[in-house]
Amino acid sequence: MITEKLNLKLNGSALLLALSLGSSGTAFAQDDTIKVGVLHSLSGTMAISETTLKDTMLMLIDEQNKKGGLLGKKLEAVVVDPASDWPLFAEKARELVEIEGVAATFGCWTSVSRKSVLPVFEELNSPLFYPVQYEGEESSKNVFYTGAAPNQQAIPAVDYLMDEIGAERWILAGTDYVYPRTTNKILEAYLMGKGVSADDIMINYTPFGHSDWQSIVSEIKKFGSAGKKTAVVSTVNGDANVPFYKELANQGVSAEDIPVIAFSVGEEELSGFDTEPLVGHLAAWNYFMSVVDETNDEFIEAWQAFIGSEDRVTNDPMEAHYIGFNMWVKAVEKAGTIDADAVEQAIIGVSVPNLSGGYSTMMPNHHITKPVLIGEIQDDGQFDIVWETSGLVAGDAWSDFLPDSASLISDWRAPMACGNFDVSKGTCSGQNL
Amino acid sequence: MLSVIFTWKTKNLCLRRCSSTLLFIGLFYISTVPVLAQTLTEASVSPLQSLAENLTSKKKDIRIQAIDELAASGDERVGVWLNALLEGQLYKRKSDGVIVIAKKSGKLYALTDADTNVPLEEVKKRALSKISINNAIRTKLRGLLSILSLKNPDPEKREAAITQLVGKVGIDAMPSIRDMYETETDARVKQQLRLLISVHDLDNGDSQQQADALAYADGNMNQSLINALRTLSLQAEDDSTRALASELVEKAEVKLKWYARVETVFFGISLGSVLVVAAIGLAITFGVMGVINMAHGELIMLGAYTTYFIQRLFPNTIEYSLFMAIPAAFLVSGFVGILIERGVIKHLYGRPLETLLATFGISLMLQQLVRTFVSSQNVAVINPSWMSGSWVVNPALSLTLNRLIIIGFCLLVFALLLLLFNRSGFGLQMRAVAQNREMARAMGIRSSRVDALTFGLGSGIAGIAGVALSQLGNVGPNLGQNYIIDSFMVVVFGGVGNLWGTLVAGMTLGIANKVVEPWFGAVIAKVLILVFIIIFIQHRPRGLFPQRGRAAEG
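Line by line, the protein sequences give chains W and L.
This note's numbering applies: residue 1 is where the first sequence begins, and numbers increase by one.
This note's numbering applies: residue 434 is where the second sequence begins, and numbers increase by one.
Don't take every hint at face value.
Claimed, not checked - List time: in silico BS3-like cross-link candidates among lysine-lysine, alpha-carbon distance up to 25 Å:
(1) 221(W) / 493(L)
(2) 228(W) / 688(L)
(3) 684(L) / 222(W)
(4) 330(W) / 493(L)
(5) 228(W) / 779(L)
(6) 222(W) / 493(L)
(7) 221(W) / 688(L)
(8) 229(W) / 690(L)
(9) 221(W) / 690(L)
(10) 330(W) / 601(L)
(11) 229(W) / 558(L)
(12) 222(W) / 690(L)
(13) 228(W) / 601(L)
(14) 684(L) / 228(W)
(15) 229(W) / 493(L)
What the hints assert, rightly or not - Some residues of chain L that are not near chain W, with every Cβ distance over 12 Å (derived):
(16) 501
(17) 701
(18) 950
Since the hints were made in silico from the structure, they are not lab data.
Where a beta carbon is used, it is the ideal one built from N, C-alpha and C, also for glycine.
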């Protein structure tokens, strides 16, 4: 609790620092360039995840320029640092669109940062590509969700545990904020719908950066010793994962007894772990670095060459940016202009190669189609893919398993253009949430 | 020829519903077929090499099948191979497709011939491809290996093997297990066999066997046994058995509850010791010197990073790295602490607000330095093997080793500090300067030197704390922030200027937190603890152990 307060304070001061440094990305507006905004935290607590995405964007833009740019013009990246500070995200977004005049912005990681910039992009009518898995229950004319919606990650993961591992008891463990809470609500409804009794579901929330997992792991152990196969679905975020897995290993809970499937642990996070205690635990994503595919090999090679290190890994949100950027490029070429409305209409239905050997398509609800992969953590920090969906899964903005959103659909194609059309009433409420 | 067929009920897959025989593993003739193995000349291909292609197949089913075939081959080296596979040491050499056992040594991999156990030349990782395994294969391997080690001459191995098999052995295998029980000489192995037999008999035994098993189950807290009892209490045919079974379940549950309480107290003490370790350096700089040092957390972080660098510098001595890291971290953090004191704090004595702001600035600078020059990512600090795992007291209570060691470490550091404070000349000088600077100077104590050393000591202790905390959680630029507030809380709650207060406060908060946590969850538990401290400080602003006498008024 109190640590978070301190975080805020620290972010506040980081803000001052960032404000003084933030103008470094500014450049003179030139007619022969198209500007692309990159809105990722380069300092503060989220820098750990977001810096990589900034570099990914720089690489993608660089490559596009080598191919001759876009509409005969050079692309120019405008990088700003919102410093893991949510209100600053909104300010920086405004700066990107109003002052820099970017054609599109790629950015944000946490849901709260996305919620913070959403009104800005809607007001200024400029597209944002959001590359991280999120809780759904949102649809905006200007936001394109290239990360996974719950039905593209959480639901297939539960299906896998249920059908392949035979799990009957469920522990939904998460960090206490909006993404885990909403995801767990959806999962709980989904499990109940599958006939799992309430006694067989345990839900547990922990604060950000929780480091003392003794009691919770002990509870998990007890919950899992009732004779039924038990699995943990973890939406535990960021830093809290290492102590969690360490405690599991120390208390003798192995992946074979009680597997943990995580939605926030990827290659990048694993590179900072001592992976020994994690081996055999699972993660669900739409992409793993270990995917065997030519496009993927090329991407990894290009990335490691760009960043100048063979140790650097690739991960799911990077793939999402790869897909999102290529979709945007294709849509601009299709529309022949960078005008936001034209591009937003043109991009629907655009298909580009993803990194797992198929094509991803932008759906009318601004989500994309992706395969879902389940991987087991190996001791070298990579994933061994043990299962994948037979086809592509289209992202669903409004979960079918929550009573409030089951009847909502989102379709941004021209005459309808509504993010939350209520099928049962035949009305568009015209509001988010 | 002794040949035992094990029927795995593989509960994981189909639970009790299907008792159908899923796997037959006829393995036991291994010990009786060395004749066969010897007749194979060296020129002939070993089963491992002949299965090489299937073992490295991309398809999991083919790999699993290959493992079954390997196990069924009856070769005497099967145990070694399966073990190497489980440990992830089985590789295929790309140049000739031969399967070798490889262990990492420095940057290269040391190879041994899997067939002959003869060392081969070292190669780079690129020359090898690993035979990867997943959970399904791992479970399979453990099962196969347990069956193999049932005949192991080492009683500990036998015991471990039997523990693996509890609840998983089918009725066909029971006669030979019962024979084994009769002939077994080691008491602990015998005990484990009895458990295995009882779990089986509660479910499938005849009435005499069931009665024996019930007698054995009385007072036992093994979870498989309790689960079997629970099933029996619902499904047994006669009423008296059902009643007896449910009575035994209740009895075991009462016992379990009691051990759960012991466990909670242990968790509390362990959390408390982490708080004390993190706070004790601050108890010196803030408590004794009165400096509000917001960079305390970053001094802890530096200690943790020192551990990381020590492990990087000496990759072959991970087991002892902590012993090197402790003095190194003390020196690094202590040195940085003295620099901070000499460079900044010295000029700000008596101005707490400015000190707070200045040290806060320093903390941000230290964080960003690490981000810039090391990495914004967390770094991996490895746990030595003696810090992993747990000490199993009984089936209901096991204490994790890393926590036990940190509790011990915390008490040791505390005792040493106490000795230093109360029994050494330097300690006397520190206390003198803290209590009355003018008088101490008049007595000939160089107060500014004492200030620097005291601050260095507090900082060095923070560095040591970093070594301990690197074993529990993340090591990254934000590590310090996670502990700074908790540290201040402990010191203020305990009473400023009192080492005993820090110890008692840390332990109290730790235990209180863990007692509350199971009821309200981790988030609310933390809130409740904060509320408690706020109310407490309102009534006793000087904490649990206020300083008395003239110094307190100063």
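For this session: Check each numbered hint from earlier against the structure, then list the numbers of those it violates in ascending order.
Result: Going through the list in order, the structure violates hints 1, 4, 5, 6, 10, 11, 17, 18 and respects the others.
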